[in-house]
Amino acid sequence: MNREATADALGLHERASATPERAEPARKIALGSAPGWTEGKLGLRAQQEWFAAIISTAQDKPAPVDERSAARLIRASATLSSVERIDIYRRGYHARLIECLVDDYPVLEHALGEEAFEALCRRYIARHPSRAPSLNYFGRHMADFCRAEPQPEAGFLADLAALEWAIVLSIHAPTESAIGFEDLSRVPSERWPGARFRVNPSLEILHLGYPANAYLQAYRHGQPIAVPAARPTSVAVYRTGRSVWRLELEPTLVTLVESLANGATLEVGLTEVQASLSHEPEQEVAKKISHCFQHSVSSGLFSAILL
Amino acid sequence: MANRFKLPNLGIGLGLRTKHYSTILEQKPAVDWFEILSENYLRTKGRPLDFLDQIADHYPVVMHGVSLSIGSSDPLDREYLSELRALRDRTKARWVSDHLCWTGVSGKNTHDLLPMPYTEEALLHVVDRVRAVQDFLGAPLALENPSSYAEFAGDSMREWEFLGRLAELADCALLLDVNNVYVSSKNHGFDPLSYLNALPIDRVVQFHVAGHTDHGTHIIDSHIGPVIDSVWQLLAAAHQRSSGVPVLLEWDAEIPSFEETHAEALRAREFIGAAA
Numbered sequence: 043m044n045r046e047a048t049a050d051a052l053g054l055h056e057r058a059s060a061t062p063e064r065a066e067p068a069r070k071i072a073l074g075s076a077p078g079w080t081e082g083k084l085g086l087r088a089q090q091e092w093f094a095a096i097i098s099t100a101q102d103k104p105a106p107v108d109e110r111s112a113a114r115l116i117r118a119s120a121t122l123s124s125v126e127r128i129d130i131y132r133r134g135y136h137a138r139l140i141e142c143l144v145d146d147y148p149v150l151e152h153a154l155g156e157e158a159f160e161a162l163c164r165r166y167i168a169r170h171p172s173r174a175p176s177l178n179y180f181g182r183h184m185a186d187f188c189r190a191e192p193q194p195e196a197g198f199l200a201d202l203a204a205l206e207w208a209i210v211l212s213i214h215a216p217t218e219s220a221i222g223f224e225d226l227s228r229v230p231s232e233r234w235p236g237a238r239f240r241v242n243p244s245l246e247i248l249h250l251g252y253p254a255n256a257y258l259q260a261y262r263h264g265q266p267i268a269v270p271a272a273r274p275t276s277v278a279v280y281r282t283g284r285s286v287w288r289l290e291l292e293p294t295l296v297t298l299v300e301s302l303a304n305g306a307t308l309e310v311g312l313t314e315v316q317a318s319l320s321h322e323p324e325q326e327v328a329k330k331i332s333h334c335f336q337h338s339v340s341s342g343l344f345s346a347i348l349l
Numbered sequence: 104m105a106n107r108f109k110l111p112n113l114g115i116g117l118g119l120r121t122k123h124y125s126t127i128l129e130q131k132p133a134v135d136w137f138e139i140l141s142e143n144y145l146r147t148k149g150r151p152l153d154f155l156d157q158i159a160d161h162y163p164v165v166m167h168g169v170s171l172s173i174g175s176s177d178p179l180d181r182e183y184l185s186e187l188r189a190l191r192d193r194t195k196a197r198w199v200s201d202h203l204c205w206t207g208v209s210g211k212n213t214h215d216l217l218p219m220p221y222t223e224e225a226l227l228h229v230v231d232r233v234r235a236v237q238d239f240l241g242a243p244l245a246l247e248n249p250s251s252y253a254e255f256a257g258d259s260m261r262e263w264e265f266l267g268r269l270a271e272l273a274d275c276a277l278l279l280d281v282n283n284v285y286v287s288s289k290n291h292g293f294d295p296l297s298y299l300n301a302l303p304i305d306r307v308v309q310f311h312v313a314g315h316t317d318h319g320t321h322i323i324d325s326h327i328g329p330v331i332d333s334v335w336q337l338l339a340a341a342h343q344r345s346s347g348v349p350v351l352l353e354w355d356a357e358i359p360s361f362e363e364t365h366a367e368a369l370r371a372r373e374f375i376g377a378a379a
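So the sequences go chain by chain: A and B.
Counting from 1 along the first sequence, just add 42 to a position and that's the residue number in this note's numbering.
Counting from 1 along the second sequence, just add 103 to a position and that's the residue number in this note's numbering.
Isolated chain A (complex conformation) (with noise of 0.2 Å):
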């Protein structure tokens, strides 16, 4: 049950204002053909939507331009054809938004291979095209899509992604500092029962049907993996600082900390682990409870004591 801290360095890549370059293999613009609306007068709404959509075309897919019309948007250049010029930008279109969703989960780009999750990612940003400023959660929908996706492994993959983000939204999220033991010392005896807590502002618990943290550590520790069998595990995914940690939680400990997080007083809370816990003997009960709420602050799960 030791927490790992993620090794994602100083945080997500930026996004450049230069043109991203990536590999593609050689295969061309695949032709189709212009709207009718393009016989028109080309204005400037004409000419972007016009632009947009054919840029915007995944690779497998014709795009609504064929050579005769491209010359009437796009003027050729002494070295490349109206639609060669185009094309630029639809390869870097892709390429930026490619690059993104590699940054947010290498992860799931390794237990894919390079190749199919680039034909992943072209379905997804066919599927859910940007329409924000910022790229910071561009990848959000990964775990779902992964998820649909008619693929044996899909609920892995999805469980991977659904990880990966919780770390890319504990990056985001508010900063603040843990408690510690020194400031439980501080309470006063009689307010225990009805303190309660607040959690740190990016702790995500991930309720997981295959054991995705261990997968994740392994390709952390550069450990041979294969994709695992399903099992249930619980992972809380949360920042201190600059370090991102991953916990991976016992029952008892889900118990408590989803009861605080929810506004239960420590009372509470330690009552709905002890019932959690009636099968077991009654000293062991104890120890489990004492132990539980100790890791629970001593990972820094908590940011406030509230009385």
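What the hints contain is simulated information worked out from the structure, not anything from laboratory work.
Don't take every hint at face value.
Pair ranges (Cβ atoms, derived) [unchecked claim]:
(1) B:R181 / A:W79: 25 to 35 Å
(2) B:Q157 / A:V229: 27 to 37 Å
(3) A:Q265 / B:S125: 20 to 30 Å
(4) A:R238 / B:D156: 28 to 38 Å
(5) B:D156 / A:P148: 21 to 31 Å
(6) B:S125 / A:V229: 30 to 40 Å
(7) B:D177 / A:P106: 15 to 25 Å
(8) B:L272 / A:G197: 49 to 59 Å
Sample of chain B residues facing chain A (criterion: CB under 8 Å; computed from the structure) [what the hints assert, rightly or not]:
(9) K148
(10) R150
(11) D153
(12) Q157
(13) V169
(14) S170
(15) K211
(16) N212
(17) H214
(18) L216
(19) L217
(20) E224
(21) A256
(22) M260
(23) H291
(24) D305
Pairs of lysine to any residue, SDA-like flavour, derived with a Cα cap of 25 Å [to be verified]:
(25) B:K211 / A:T99
(26) A:K103 / A:R164
(27) A:K70 / B:D317
Yeah, the Cβ is synthetic: ideal placement off N, Cα and C, and Gly gets one too.
Using the hints provided, position chain B relative to the given structure of chain A.
Using the frame of chain A, we list chain B on its own:
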């Protein structure tokens, strides 16, 4: 105060990149200023802002955006502008810049700097929008000439004419990227010096330099590798027309160590003399 907006000559700066956060925060190297990529610090409440706050406390910063989409036929995004203004106030950014381009239409954002049609219709459209943005920000907006790989068949003027007229009509500032001038001059076949000489230099508040990738048939503005000599020479020519404009190096692909990146930026001294 060398430009008509009385914006300061900050010297030689660097584009702030996450790879260099540790070095900057731990060693506090002597850098004149940093340019931040605005969108990386929007829609976040967490660690990116923690780093930025520490850096903005210690260094002058300027904001450089990629999603204003000033040329789009979609309405301006007021929520985005509010966020931009809040970030400007938070970081005390000396000015805010973006590109003469559009990034999307019909509500979608391609996150790419797409080329503008250079027509009278587009010019009047962008003039109105620049004025609206400047009113909203309460400060001049600096617009950068983009690199481009395509020209619209219906263009009625060249980019430098469009940009110069836009700057005068909207009363905005310019960010002159001499690497972009070089890239576009090769892609479209024009004389880069004619471009530089046509711009109202007293509106230029910042220069950009960067590396690029030459594919033979065209050049991509990849911001990779060191600045080539021809681009440095363009910087020298542009700088000579000015009375002192800050210079910034952008390096975005295969980014080297902080020391190497900064050393490349400081090469600007060889081309702009003692002015920086």
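Hints versus structure:
1. B:R181 / A:W79: 25 to 35 Å: holds (29 Å)
2. B:Q157 / A:V229: 27 to 37 Å: holds (33 Å)
3. A:Q265 / B:S125: 20 to 30 Å: Given a distance of about 27 Å, which is inside 20 to 30 Å, the answer is holds.
4. A:R238 / B:D156: 28 to 38 Å: For D156 of chain B against R238 of chain A, whose Cβ atoms are near 30 Å apart, the range 28 to 38 Å holds.
5. B:D156 / A:P148: 21 to 31 Å: holds (27 Å)
6. B:S125 / A:V229: 30 to 40 Å: holds (37 Å)
7. B:D177 / A:P106: 15 to 25 Å: Between D177 of chain B and P106 of chain A, where Cβ atoms are some 19 Å apart, the hint holds.
8. B:L272 / A:G197: 49 to 59 Å: holds (58 Å)
9. K148: holds (4 Å)
10. R150: Result: holds, 5 Å to nearest chain A Cβ.
11. D153: holds (5 Å)
12. Q157: violated (11 Å)
13. V169: holds (5 Å)
14. S170: holds (4 Å)
15. K211: holds (5 Å)
16. N212: At about 5 Å, which falls below the 8 Å cut-off, the nearest Cβ of chain A leaves the hint on N212 of chain B intact, so it holds.
17. H214: holds (5 Å)
18. L216: Constraint on L216 of chain B satisfied, holds at 6 Å.
19. L217: holds (7 Å)
20. E224: holds (5 Å)
21. A256: Hint holds; A256 of chain B Cβ to chain A Cβ min 5 Å, cut 8 Å.
22. M260: violated (14 Å)
23. H291: holds (7 Å)
24. D305: Since chain A brings no Cβ nearer than about 24 Å to D305 of chain B, farther than 8 Å, the hint is violated.
25. B:K211 / A:T99: holds (13 Å)
26. A:K103 / A:R164: Judged against 25 Å, a Cα distance of about 11 Å means the pair holds.
27. A:K70 / B:D317: holds (19 Å)
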